[in-house]
Amino acid sequence: MSRYLAIFRTFARACLVRDMTFRANFLLECLTSLGWMSMNLAFYLLVFTFTPEIGAGSGWTKAPFFAFVGTGLIVNSIVQALFMPSAEELTEMVRTGGLDAVLVQPLDAQFLVSMHRVDFSSFANGLVGVGLVAWAVPRLEHAPGPIAWLVYPLTILCGVAILYGLVIMLAAATILMGRNQSLYDFWFYLTNFSRYPAEIYAGPWGGPLRAVCTFVIPILLVVNVPARVLARPLAGEAWWAVATALLAACASLAVSRAVFQAALARYRSASS
Amino acid sequence: MDNSASRSQSQSAPVIEVEGLAKEYRVHDKPEGLAASVRSLFHRTSRVVEALRGVDLRVGRGEFVALLGPNGAGKTTFLKLLSGIITPSRGTAHVLGHVPWVRENEFRRRFALVMGQRNQLWWDLPAAESFRLHREIYRIEPSRFTRVRDELVDLLGVRPLVLQPVRELSLGERMKLELVAALLHEPEVLFLDEPTIGLDVVAQHTIHAFLRHVQAERRVTVMLTTHYMKDVAALCERVVVITHGDILYDGSLADIVDRFTTHKIVTLDLDEVPSPARVARYGFPCEVRGPRVVLRVDRGRIAEVLPDILRDEGVRDVSVEDVPLEEIVAELFRSTRPRPAGAPAGASP
Amino acid sequence: MSGRSVPLEPDRHVAPPRVLEGLRVWCTMLAICLEERLVYRGDFLLGTAMRFLPIVTQIFLWTAVFSATRRGDIAGYTRDDVVAYYLLTMLARAFSSMPGLATGIARSIRDGSIKKFLVQPVDYVGFLLAARVAHKLVYYAVAAVPFAAVFLVCRHYFPPLPDAATVLAFLASLVLSFLLGFFMEATLGMLGFWVLEVSSIVFGYMLVQYLLSGHMFPIDMLAGVPTGIPGVSVAELVQWLPFGYTAYFPAAVWLGKIEGPHLARALLVQVAWVVAMGIACRIAWQRGTRRYGAFGG
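As given, the protein sequences belong to chains A, B and C, one line each in that order.
First residue of the first sequence: 1, per this note's numbering; consecutive thereafter.
First residue of the second sequence: 1, per this note's numbering; consecutive thereafter.
First residue of the third sequence: 1, per this note's numbering; consecutive thereafter.
With the C-beta cut set under 8 Å, the calculated list includes, among others, these residues of chain B facing chain A:
{"id": "1", "residue": "S83"}
{"id": "2", "residue": "I85"}
{"id": "3", "residue": "I86"}
{"id": "4", "residue": "T87"}
{"id": "5", "residue": "R103"}
{"id": "6", "residue": "R109"}
{"id": "7", "residue": "M115"}
{"id": "8", "residue": "D124"}
{"id": "9", "residue": "L125"}
{"id": "10", "residue": "L133"}
{"id": "11", "residue": "E136"}
Rather than coming from a laboratory, the hints here were simulated on the basis of the structure.
Glycine included, each C-beta is placed from N, C-alpha and C at the ideal position.
Work the whole structure out from these sequences, hints included.
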């Protein structure tokens with residue numbers, strides 16, 4: 001409904017106003033995320049002085065790999081900016097009774113819980129990601145065609161949807177279990193698997209791990225599919241990957257919503 | 001359930017209808033000390049807390065009901081059940097024809113909940129923005145919204161506060177703004193959970209007046225939980241006393257005195273300091289300070305005792321009063337013991 | 001008689017010596033730490049196990065990296081060496097990482113709760129150190145099993161056990177890394193006496209640590225990276241800086257990457273940094289409290 005869009009705009013505007021009021025803090029937060037990210041970039045550059053490719057025959061040479069990293073930054077920055085801030089506040093909301101206030105309003109609770117706060121400083125990483133992609137694409141062996149450029153944003157959205165589903169499931173767990181710091185560590189550890197191309201998961205242990213992370217908890221689809229759309233010719237097998245990503249996105253959204261509603265039905269409202 | 005049907009139903013049927021509503025929680029025992037902490041790693045004990053035990057209630061349109069009870073009595077749990085925040089363990093409830101915990105948007109648009117000391121306004125936004133958000137969420141028609149908002153803001157005198165961020169305001173100011181926000185969508189039912197807690201006397205007074213006005217004007221059905229007698233005395237006739245998850249009493253405030261007290265307080269200013277034995281003839285002396293005596297006299301005997309006192313003692317001044325409401329209610333809270341789990345509800349003592 | 005402060009007879013009711021008191025307080029601290037840990041029962045079991053997950057990704061990554069190189073080792077590390085290295089740095093960081101130390105000190109300066117340490121005859125730095133030791137001991141007790149399990153499972157990545165001297169050097173380096181990490185962060189926290197926003201400085205420190213402590217990769221790999229100074233690579237520069245001694249150094253010692261005279265010298269450098277940072281911490285405390293008192297808190 002367009003009502004939700006209008007409401008979201010109000011939330012976003014309020015957050016933007018606040019960020020601009022505390023400008024120094026905002027800049028510091030941008031610098032913080034840029035700082036960590038540049039350390040990692042330095043690490044990748046170092047690794048590439050020792051090897052031409054990540055994974056023999058995988059095709060992830062320097063340019064495709066940085067397209068991968070850039071894509072990862074784009075997807076993660078969208079999730080970090082739009083959904084994580086609200087989800088992180090959920091523990092506090094449950095503790096202070098803010099969730100009660102949400103449940104009483106004629107608005108979808110999942111929407112309010114996951115989108116009432118926007119962290120604009122997280123977009124800084126996304127911009128760097130765009131820059132990396134812009135650097136990498138002209139250096140690719142196969143330049144992506146127009147169809148690839150259309151499919152790329154779509155697959156990025158799929159990646160965002162898959163991660164969003166995970167965020168909602170974490171939120172549901174928070175509602176059921178109250179405060180639980182390791183849940184957010186869990187987020188970091190889970191997404192850590194998707195930092196590198198799926199090809200690194202090879203061998204007797206790697207194969208099954210890759211399968212689990214593709215079909216059970218599809219985090220490997222989040223960055224790999226869009227990156228591949230850019231870095232590899234879009235034909236044959238690639239379309240299967242896109243289809244899988246679409247399917248995973250829909251499944252992630254549907255399953256997470258069901259879990260979230262179930263959690264709300266068992267909400268204890270332990271505050272007071 | 002479509003809007004018009006439920007509205008016409010509410011004209012004749014009770015607005016709030018509760019039957020056998022009960023809520024139990026399983027609570028884990030917190031370990032005390034190191035040994036217990038280690039043990040808790042392997043085996044956690046828990047017990048069942050009965051927050052509400054099979055409660056019945058009927059509230060008609062336009063009524064103003066106070067839910068009175070000590071902390072932990074189950075008042076807030078009751079309110080949370082009626083607003084749909086939690087689901088019950090047993091029993092049924094209907095508010096405006098809807099089952100609250102189904103959380104239909106239809107239903108949520110027709111009532112409002114205000115919780116004392118817990119704000120529902122968005123912290124970072126100035127109240128005006130919160131109101132605007134409210135308008136979008138509740139789908140209030142713009143011209144109507146402006147009219148209602150201005151009316152409420154002026155009634156509570158909060159116009160200068162509306163543009164400041166909510167977190168900069170005092171508790172009293174925030175509560176007033178919360179009330180404005182709650183009534184913007186002109187709800188038919190208003191739930192208030194300890195709205196005056198922590199507020200100074202002036203703020204309490206203002207809010208009482210406001211609630212009375214609003215309720216009378218708009219025929220809103222109001223249910224308010226509190227443990228302040230002041231709130232009850234100022235606001236309403238009907239009192240529901242809850243202790244240990246049971247409704248102990250449901251009726252008018254005036255009747256509580258008749259129902260739960262057996263004596264009256266007689267205060268005497270005598271000519272001279274009396275001897276204790278003499279004074280004890282008339283009743284139970286609570287306080288003897290010089291020539292001033294406060295007696296508890298059995299209600300049935302007042303008619304005989306009073307003439308005796310006036311005739312036999314040198315009395316300068318006499319007053320006969322009911323036991324203060326606070327004391328009656330406090331005694332009520334103290335004297336009841338929780339029913340053993342699973343026992344059926346009996347008649348109130 | 002006059003002027004003599006020493007009693008002629010031994011005083012039977014001697015108050016317990018300060019050391020015993022301190023020990024008792026410390027034991028209580030230990031018990032509290034343990035209790036706190038156990039409260040989050042679900043948390044810590046899961047949390048401790050999950051800490052090893054990133055290593056899994058790193059193992060796969062380095063395997064992939066090695067598969068495409070034509071050499072057997074990178075900067076003297078084979079693939080197995082790299083895995084062993086990461087596990088060892090995890091162990092080293094269990095000693096040297098001081099979560100919340102700097103920010104905690106800064107916070108107590110800011111909100112005034114540090115005042116009670118100015119007034120009481122308690123050595124603040126000593127108190128913090130004792131508290132950290134308690135925290136760490138509890139952490140080790142709790143994490144020992146998962147750590148042991150992981151090391152056992154991964155033992156084939158490790159070279160054969162080093163000789164006794166190397167093991168001793170390793171243990172020494174671990175203890176020293178604890179002290180080094182402590183004094184560095186404590187000194188940073190003390191900057192709160194002069195600077196309002198210590199968190200930015202701490203962040204900068206964390207970044208440099210991340211890069212130069214060996215947390216991300218063995219410092220030897222920086223041997224090819226030039227500094228401005230001719231003939232000196234970054235790797236060589238780092239061995240004179242304190243950062244590498246919190247994670248890289250103990251791991252490198254165990255793996256035999258630093259031996260003989262180099263090892264002795266490196267240990268001396270580590271000791272020197274511990275002493276230097278200890279002194280810096282002490283000076284910061286003295287100057288800082290003087291300044292704090294002057295401003296009336």
